[in-house]
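Student: The primary structure of each chain is shown beneath.
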Amino acid sequence: MVRRWFWIPGLGFLVLFFLLPVGAFLLQSVLDPGPTFMHFERLFEGRAFWVSLGNTFRISITVTLICAVIGFLIALRIATLQRPYANALLVLIVMTVWISLLVRNYAWMVLLGREGIISTSLVALGIFERKTSLLFNEAAVVLGMVHVLIPYMIIPTYAAVQAIDPALLRACDSLGARPAQVFSRVLLPLSLPGLATGCLLVFTLSLGFYVTPAILGGRGQTTLTMLMEIEVNEQLNWGFAAAHAAVLIAITAVLFFAYRSKFGMDRLWGQEL
Amino acid sequence: MNFTQPQYRSLVRGPFGWLLNACLVLAVVFLLCPIVIVTIISFSADAYLRFPPSGYSFRWYENFLSGDPSWMAASNKSFAAATLTAVVTVVLAIPTALALVRSRIRGKGWLELVMLAPLLISPMISAIALYGWIAAFGFVGTMAGLVAGHIVLALPYAILNVAISAKALDPRLEQAASSLGARNSQVFRRVTLPLLAPGIIAAGFFAFLTSFDDVIVSLFLSGREPTLQKRMWDEIRLEISPTVASASTLLIFLTIAVFLAIALVRRSSEKAS
Chain A
1 MVRRWFWIPG LGFLVLFFLL PVGAFLLQSV LDPGPTFMHF ERLFEGRAFW VSLGNTFRIS
61 ITVTLICAVI GFLIALRIAT LQRPYANALL VLIVMTVWIS LLVRNYAWMV LLGREGIIST
121 SLVALGIFER KTSLLFNEAA VVLGMVHVLI PYMIIPTYAA VQAIDPALLR ACDSLGARPA
181 QVFSRVLLPL SLPGLATGCL LVFTLSLGFY VTPAILGGRG QTTLTMLMEI EVNEQLNWGF
241 AAAHAAVLIA ITAVLFFAYR SKFGMDRLWG QEL
Chain B
274 MNFTQPQYRS LVRGPFGWLL NACLVLAVVF LLCPIVIVTI ISFSADAYLR FPPSGYSFRW
334 YENFLSGDPS WMAASNKSFA AATLTAVVTV VLAIPTALAL VRSRIRGKGW LELVMLAPLL
394 ISPMISAIAL YGWIAAFGFV GTMAGLVAGH IVLALPYAIL NVAISAKALD PRLEQAASSL
454 GARNSQVFRR VTLPLLAPGI IAAGFFAFLT SFDDVIVSLF LSGREPTLQK RMWDEIRLEI
514 SPTVASASTL LIFLTIAVFL AIALVRRSSE KAS
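Chains as they are written, first to last, in our numbering: chain A, 1 to 273; chain B, 274 to 546.
If you are wondering where the hints come from, they were derived from the structure by calculation, not from laboratory data.
Some hints here could point you the wrong way.
Claimed, not checked - Cβ-to-Cβ under 8 Å is the rule here; a few derived chain A residues that face chain B:
id : residue
1  : Phe18
2  : Met38
3  : Phe40
4  : Ile70
5  : Leu73
6  : Leu90
7  : Gly113
8  : Thr225
9  : Met228
10 : Phe263
11 : Met265
Where a beta carbon is used, it is the ideal one built from N, C-alpha and C, also for glycine.
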């Protein structure tokens, strides 16, 4: 039983409170105060934009690569486990996704801080002379982001590995393939769509991250979202903030449509809708 | 005891297997370690963050629960916002999910796109855009504005959850009810809704957590009285007293409880079917 109006509540809500607001905000980049390209001119001429765009990309690429390598190996091991163990591990991993991001980043502040366990044990081992804060640098940001985002790599790659026909592996076995060959000639190629999904998710989410670079990073980790927040809250320059947003959305859109034209949407949802 | 599925056993023998095992063990430690550390430090007796603590006490829980009233005020606000978000999100998600799964209208691809956009576009952009939109209509600082922002973040995932249940629902059950003389409203209430219940409950819980754990929307839309996450954010940015750790620990266990509740609902519905 489906009525035509069933579309309206959900779609209407997203149009009213997401599409129209985002559209209106983006329009401000060319209409604030009147029709103008000054915000984009200022954006592309200013050094701050290029530096933070560079920071955003560098951090996002590092995070995505680390997640892809480690996440894929983890997913592979989980997929080879007997079902009950695999399921238990997946529940654990998905559960960490639902623990507040702020809480998980705060935990790294505790661990990496001046009085944290890493600093104090490095002093005890004689590697450091004094207790030192390991926070507010790029490594801390990357660590915090990998911690938050690696489940987004594990889940789609797990789904890809798990869907591989067991007969292929028996064939590898009986034809005498070494583990490295099984990995490089069968498992990796057949998992590529899952890896692509994971990379799209991790990379686009990284581009839009705010909390982690803001609390674990230093001056060298100023990202586009941080500039946007400053423009809106401190400079009250909405048009200029909107120009930043337009660039970020354009990058996300290019990545997404490139992905969709190659792989479709089903893997993103985890199933066909 | 053998944890590995038979067809993969030769793959995980030898050095490659050791690499995979090491990744898996490290990942589990990596994902859980910060959570354990936060829990331990929340019982610290020290006046500042130090790990390991020099003594243990409940002083930071006391401070959270009764010492500084702003913490409980923030928690109450978060609970109210999260409950409202969960209820409205579920009501919006049910018809949308049914339309998504069952109708063959051409707009389906568009709906999927509109649903996906809030997940891929940085929440910072959605939050700023909604802030501007709501300011234009004079709703800044109201509960309605805050909840609207949270619903945008929660709705896509809620629709997905209900849609998964809706796909598994056999339409013949509804046809049988109709042919036995049930009116449409009766079919919906007594057949469709009960069969969708596991997806609806999961969607509601996840929407609750999405709202409860949100920082970015709250940053712009919570007004003068902060939500719990906003309160924690302010605390973390100024000085980090261990009160944040006790708040975090309570949040972690709330999340685990909600997650287990969802797992139980899913399991019992799987057994029933």
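Student: Next step is simple, just say for each hint if it's right about the structure.
Tutor: Hints, one by one, checked against the model:
1. Phe18: holds (5 Å)
2. Met38: For Met38/A, the interface hint is violated, since the closest Cβ of chain B sits about 19 Å away, which is over 8 Å.
3. Phe40: Violated. Min distance 16 Å.
4. Ile70: holds (6 Å)
5. Leu73: Holds - the Cβ of Leu73/A comes within 8 Å of chain B, reaching about 4 Å at its closest.
6. Leu90: violated (11 Å)
7. Gly113: holds (6 Å)
8. Thr225: holds (4 Å)
9. Met228: Constraint on Met228/A satisfied, holds at 6 Å.
10. Phe263: violated (13 Å)
11. Met265: Holds, because the Cβ-Cβ distance from Met265/A to chain B comes to roughly 6 Å (cut-off 8 Å).
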